[in-house]
Amino acid sequence: MNFVRKHITVLAGALVYVLLYAVAALRYEGFFSLPVFINFLSNNAVLGIVAVGMTFVILSGGIDLSVGAVMSFSSVLIGVLVMDMHWNVYVAIAAALVCGTTLGAVMGAIVHATGIKPFIVTLAGMFFVRGLAFLIHLESISISDPRHTAIALASVGPLPVTAVLFLGFVLVGWYVAVLTPFGREVYALGGGEEAALLMGLPVRRTKIAVYAVSGFCASFAGAALTFYLSSGSHLEGVGMELDAIATVVIGGTLLAGGVGSVFGTLIGVLMLGLILTSITTYEGMMSSGMTRVAIGGLLLAFVLLQKVLTRRAGVGRAT
Amino acid sequence: MRARNFWPWVALAALLVFNLLFTPGFARLELRDGRLFGTLVDIFQNGAPVMLLSVGMTLVIALGGIDLSVGSVMALSGAVAALLMTEQGQSVPVAVLAALALAVGVGAFNGALVAYGGIQPIIVTLVMLVMGRGLAQALTHDQKIRFEVPAFEFIGNGTVLGLPFPIFLVAALALLVGLMLTRTAAGLYLEAMGSNPRAARLCGLRVHVIRLVAHMTCSLCAGLAGLIAAADIKEADVANAGLYLELDAILAVVLGGTSLTGGRANLVGSLIGATFIQTLTTMLQMRGVITEHTLIIKAAVALSVCFMQTPAFERLARRFRSAEAA
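Which chain is which? The protein sequence lines are A and B, in order.
Numbers 0 to 318, taken from numbering that gives the first Met the number 0, label the letters of the first sequence in order.
Numbers 0 to 325, taken from numbering that gives the first Met the number 0, label the letters of the second sequence in order.
Hints are computed from structural coordinates only; laboratory data are not their basis.
Some hints could be false.
Stated by the list, open to error - If we take Cβ atoms under 10 Å as the criterion, some of the chain B residues that face chain A in the derived model are:
| hint | residue |
| --- | --- |
| 1 | 112 |
| 2 | 122 |
| 3 | 130 |
| 4 | 135 |
| 5 | 153 |
| 6 | 156 |
| 7 | 159 |
| 8 | 250 |
| 9 | 289 |
| 10 | 299 |
Stated by the list, open to error - A few chain A positions that, by computed beta-carbon distances, are all more than 12 Å from chain B:
| hint | residue |
| --- | --- |
| 11 | 13 |
| 12 | 23 |
| 13 | 39 |
| 14 | 181 |
| 15 | 199 |
Cβ atoms here follow ideal geometry from the backbone N, Cα and C, with glycine treated the same way.
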């Protein structure tokens, strides 16, 4: 397989993104500028970090519906630890990361040990973690802590801290997926579990690890959310699982597993951000409800497109 | 041979006995103004939406599918009915029929994408889960819509023969679907498709049509459940109507013995399962557990029940038995 054929979905995504951006730049004054682009990165950073984790799960042939709940949980936990318990911000974030990773690993372990379908396990996980988040604090909690504010206001050059974190996740995610044995195991698992098993790959470890990675990313996104909103929020994570799946799919990763890339997800996030920002801010016509409808419609369109493309190219398994 | 719904009945009976013994006021029933009042009646009235959802969900799950959008369809149908009655001044039958038609439309959309588009049911219905509530929010501008229409409120809290009207709605729909499953070939087709779609297609079953109809029926049930929920509180609350209920419905079906891998439809089991869940919910409420916290317990119950259906559990049970024998 040569380079172009191998990366056809990502390249096509990138091309569509450039075209869409060009159309928007022609239509709206001042759209084609660095601050606007940076806004895309920082406004969608939280979703992007979640989506990087989701990419690994989908690449392995699974799905994780608990990410929105884990993100909310982590942000609320950080809020409670910092504001009510007066913990150091860094320690609070570390605690949230440990919790999120553990929750993910437990879900992965359940998926592997019992053979219950991943979406049932993570759906139950979603409800469980939402319940946990309400258990530690019934309402969203605003965070005002000098150390926390300092991080929230930090920036690298023109890039705000959340955008830097997002790009960092993409880079590390790309490295892990492409250049490490773990990444190869994830792709192999998504290509076919039985084959991966027969090749002697550590299927159990890999399966548990992808959900742990997803939980880690989701809880890190919760931390990023607290920087972005200065609060821990129960509401922000609702529907996040769909947004994350949408960006991963739009980025060219196949829901059947085994095909896709982390850079595709970056493009998916940017594309979703571009479309939604141009419709909501520049056309000024959508409510939050209609935004959800638009994301759903977009996802369906891309999934159907993938179906057509893969059927023609004979890639991927029938599901 | 053990009766078909042995374990679901046992579970429900155990929960009821526990409550009769340890939850004060649980068994009290009184007749006031020709209507029965009491916790046991409340369980059936408040549980009606989940029971309806579980009837529809049974069909979809028997096909090896899933419908995550039922909660959102509830919100959508309640909102549409309320909007038609308040803003458009439409009559009750028009509002009810329009809301149900919209629900069936959503089901047709789901079914078509799954059957003809070949997309996994979980993705399609997850999209509808988000889009349905989004549409309801857009239609109502995120406002709760209150209404005072006695004829419509009857759907949620009317009384017939001393019992709440929703109970009769559930009974009628369950009877209809039940007859369809047992007295026509539909049940056989459904189970055949669920256990082996390819074989079913080769046998000449119109698998796409069956799937379409199953999703439409499931959505219709959800639409009706949405009307009951809205009529009960005289308000369409798009943010909360049907929220988190998809898990309850799936849990009810699985508790009732319908396997998530498809191939088996057990309607009576699902209804027992739904009653179990509502009893659990009511019990937790009576004990002062906050609704949001009950999510934890329900998720744990859901996972345990799913686990008990898996081969892994059987292996574990076998090992346990042989260790006991040794």
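Inset, instruction - Would you assess whether residue 181 of chain A, listed as outside the interface, keeps its beta-carbon beyond 12 Å of every beta-carbon in chain B? - result: holds (25 Å)
Inset, instruction - With a cut-off of 10 Å on the beta carbons, see whether residue 135 of chain B makes it to chain A. - result: holds (7 Å)
Inset, instruction - Using 10 Å as the Cβ threshold, decide whether residue 156 of chain B counts as touching chain A. - result: violated (28 Å)
Legend entry - Minimum Cβ-Cβ distance from residue 23 of chain A to chain B exceeds 12 Å: With a cut-off of 12 Å, residue 23 of chain A remains clear of chain B, as the shortest Cβ separation is near 23 Å.
Inset, instruction - Closer than 10 Å between Cβ atoms is the bar; does residue 159 of chain B clear it against chain A? Give me holds or violated. - result: This hint is violated: residue 159 of chain B lies away from chain A, its Cβ roughly 35 Å from the closest one there, beyond 10 Å.
Inset, instruction - Would you check whether residue 130 of chain B satisfies its interface hint, that is, whether its CB is within less than 10 Å of any CB in chain A? - result: With a minimum Cβ separation of about 4 Å from chain A (threshold 10 Å), the hint on residue 130 of chain B holds.
Legend entry - Closest CB of chain B to the CB of residue 39 of chain A still more than 12 Å away: holds (22 Å)
Legend entry - Supplied contact hint for residue 250 of chain B, tested at 10 Å Cβ to chain A: With a closest approach of 9 Å, the residue 250 of chain B hint holds.
Legend entry - chain A contact restraint for residue 112 of chain B - C-beta distance below 10 Å: holds (7 Å)
Legend entry - Restraint outcome when residue 153 of chain B is required to lie within 10 Å of chain A by C-beta distance: violated (30 Å)
Legend entry - Assertion that residue 199 of chain A lies farther than 12 Å from chain B (Cβ): The claim stands: residue 199 of chain A keeps its Cβ more than 12 Å from every Cβ of chain B (closest is about 23 Å).
Inset, instruction - Test the statement that residue 13 of chain A is away from the interface with chain B: the closest C-beta pair must be farther apart than 12 Å. - result: holds (24 Å)
Taken one by one, the earlier hints fail for this structure at numbers 5, 6 and 7, listed in ascending order.
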